[in-house]
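Novice: So you can see what is in the structure, the chains are spelled out below.
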Amino acid sequence: MKPNILAAAKSLGRLIRGNRWIQLAALIVLSAGANALTRVLGLPVPGSIVGLFLLLGLLLSGAVPVAWFSQGARGLLDHLMLFFVPAMLGLVDHPELVGPLGFKLLLAVFVGTPAVMVGTALVVEAGFRLKSRDVR
Amino acid sequence: MSGSLAAVFWALVTLGIYAASRAAYRKYKRWWLSPLLTTWGLCAALLIALHTNYHEYLRGTHWLVSLLGPATIAFAIPIYEQRATIARNWPILLAGVVAGSAIAIGVSWWLAGLFQLTPEVRASLLPRSITTPFAIAMSETVGGVPALTASFTAVTGLFGAAVGESLLLLLPLRSAFARGASFGMGAHGAGVAKARELGDEEGAVAGLVMVFAGLLNVLGASLLHAF
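Residue numbers (the working numbering), protein chains in the order written: chain V, 874 to 1009; chain G, 2 to 228.
Calculated from the structure, these hints are not laboratory results. Ideal Cβ placement from N, Cα and C applies to all residues, glycine included. Check before you lean on any hint, since a few could be wrong.
Across the chosen pairs, the derived CB separations fall in these ranges [stated by the list, open to error]:
1. Lys-1004/V to Leu-115/G: 32 to 40 Å
2. Arg-1006/V to Leu-47/G: 51 to 59 Å
3. Leu-51/G to Leu-1003/V: 32 to 40 Å
4. Arg-197/G to Trp-894/V: 21 to 29 Å
5. Gly-930/V to Arg-89/G: 40 to 48 Å
6. Trp-111/G to Arg-912/V: 33 to 41 Å
7. Ala-880/V to Gly-42/G: 48 to 56 Å
8. Tyr-29/G to Ser-884/V: 41 to 49 Å
9. Phe-926/V to Leu-47/G: 53 to 61 Å
10. Trp-894/V to His-226/G: 19 to 27 Å
11. Trp-91/G to His-952/V: 24 to 32 Å
12. Arg-31/G to Leu-974/V: 39 to 47 Å
13. Trp-91/G to Arg-947/V: 48 to 56 Å
Among chain V residues calculated to face chain G with C-beta under 7 Å, some are [what the hints assert, rightly or not]:
14. Ser-904
15. Gly-906
16. Val-923
17. Leu-928
18. Leu-950
19. Phe-957
To be clear about the criterion: a stretch of chain G counts as covered by chain V if any three or more of its residues have a C-beta under 8 Å from a C-beta of chain V, and this derived list gives those stretches [what the hints assert, rightly or not]:
20. 53-61
21. 64-72
22. 104-117
23. 123-131
Chain G with its partners taken away, still in its complex shape:
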């Protein structure tokens, strides 16, 4: 295949698999049909089967990745719409985000040392608890590999959303706030979807905590890096 034809081919394949995955998930609602998992798996299988190298694939799909910038900016809308909740509860939200981020980074750092991972892989592991567009930005700042970070982040979200509900049942929680914050901090996008199933308040808090965690971590990492 010529270069530009291959680029168009991979763009169409990615969009097609994504659309089919979404439709399948809407119909059957199984966690292993999560469009993230199936789109990723099917595209990877096809890349390997056709012996395509990643650079060739990215030539056709880098325009999708470049929409991560506008998508990050779009997070301003939920912040604006929830400004009354933020004004009332910002100390609690901030405490949860700071504690959660410290645990996320601390445990990743500690285990990376224990497992003797390379500095590059360790840096890729650090941002895994924040939502992917922020995690990719942070990964670049701290010297990680964005592809690795994006994958660790996806596994984190899927795992956290899957085990979160039974995990939180073990804790003496009275507030919807704590459950929502836990999902937003621990499992970002997939966690927010799960929290919405638990209740409106849980979902709203989870979404806010997810955005705050992303902002705090990226700003923290950038400023530490700059000074």
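The following block holds chain V by itself, in its conformation from the complex:
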């Protein structure tokens, strides 16, 4: 009996490893579970973040192998933009953006983005030089 259960578990593991659709379904179930947990416990963070830490915890503790999720995860991240394009299209309900307001917002992005990129690069570079000085 025992070896049978073991063999069944092994072939189930193989099935999950090789099938991205099962992995995708697992991530959807995990997401729904995390959302429910967040609601029930009244947690102040979004359910998707709770789910991310849940999965990370499961992986780091060795409870589940990463191969059970990696293909499904790669598929989702590969098509990420498909999931937020419908959200972006809400813009058609905001005709006020065509005109001065839209120009101001573009200006905010065109000024803010280089500032963020330069600031981050300089801070990380400074940290990197500090660290390599310590090593020497």
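Got chain V sorted already, so can you dock chain G onto it with the hints?
Specialist: Frame of chain V, contents of chain G only:
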């Protein structure tokens, strides 16, 4: 068109335009053929041409939006796979993410005040430097409009990825780390793709910084909101 037929129609149209956009980008590799830009533009043009209101469109495509939750959870995989890099370099990564987030939020806040934007638009502008699924979550928390945030975020990523390389040439950078972090923090998804073209280390660091920035901002905003 009846309601449910229209819903199916818009789902198929969105998927079809997306698939065609991806194929076109793979073939011609021009930045203005970015599937994000073309899918968005073509769907919007069609919505306007057919006089469809947004709620009707969303009836057919809200299931796509609901995959943002599982997609956010999927970011646990790159974090897990890069755990050795994180353990070695977390202070530098954290410093970059904190500095970048402070500048992103500070400049957006300041310019929104200068331009006298409404509180709603200002709140929608704040999360624009983090990757979209996180930005949408943060937008909801701070009182923004997710549709606006998603659009500002997309423009930020495309712009940052386009100007980043020439911008960073002006700086005396010796580390691949700094270049990668800059792209991941400033231009999220599009920036990570650009950083991968520069090198493996740049790409890996950019991806990590993008996820950290998303987590830090969403957690920060949620906790500030709760207390």
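Novice: Between the beta carbons of Arg-1006/V and Leu-47/G, is the distance compatible with 51 to 59 Å?
Specialist: Distance hint for Arg-1006/V, Leu-47/G holds at roughly 57 Å.
Novice: Using the Cβ atoms, figure out if Lys-1004/V sits within 32 to 40 Å of Leu-115/G.
Specialist: 37 Å, holds
Novice: Does the segment 104-117 of chain G contain three or more residues whose Cβ lies closer than 8 Å to a Cβ of chain V?
Specialist: holds (count 7)
Novice: Taking the Cβ atom of Tyr-29/G and the Cβ atom of Ser-884/V, is their distance within the range 41 to 49 Å?
Specialist: 45 Å, holds
Novice: Should the hint that Arg-31/G and Leu-974/V are 39 to 47 Å apart at their CB atoms be regarded as holding?
Specialist: Once the Cβ atoms are compared, 29 Å apart, the range 39 to 47 Å for Leu-974/V and Arg-31/G is violated.
Novice: Examine the segment 123-131 of chain G: at least three residues should have C-beta closer than 8 Å to a C-beta of chain V.
Specialist: Per the Cβ count (3), the hint holds.
Novice: Should the hint that Arg-197/G and Trp-894/V are 21 to 29 Å apart at their CB atoms be regarded as holding?
Specialist: Given range 21 to 29 Å: holds, Cβ gap about 27 Å.
Novice: Once the shortest beta carbon distance from Ser-904/V to chain G is found, is it less than 7 Å?
Specialist: 4 Å, holds
Novice: Min Cβ distance, Val-923/V to chain G: is it shorter than 7 Å?
Specialist: 9 Å, violated
Novice: Tell me if Gly-906/V is really an interface residue toward chain G, meaning its C-beta lies closer than 7 Å to one of theirs.
Specialist: With a minimum Cβ separation of about 10 Å from chain G (threshold 7 Å), the hint on Gly-906/V is violated.
Novice: Go ahead and decide if the range 53 to 61 Å is satisfied by the Cβ distance of Phe-926/V to Leu-47/G.
Specialist: 39 Å, violated
Novice: Assuming the hint says 48 to 56 Å, is it satisfied by the Cβ distance from Ala-880/V to Gly-42/G or not?
Specialist: Check passed, 53 Å falls within 48 to 56 Å.
Hints 3, 5, 9, 10, 12, 13, 15, 16 from the list above are not met by this structure, while the remaining hints are.
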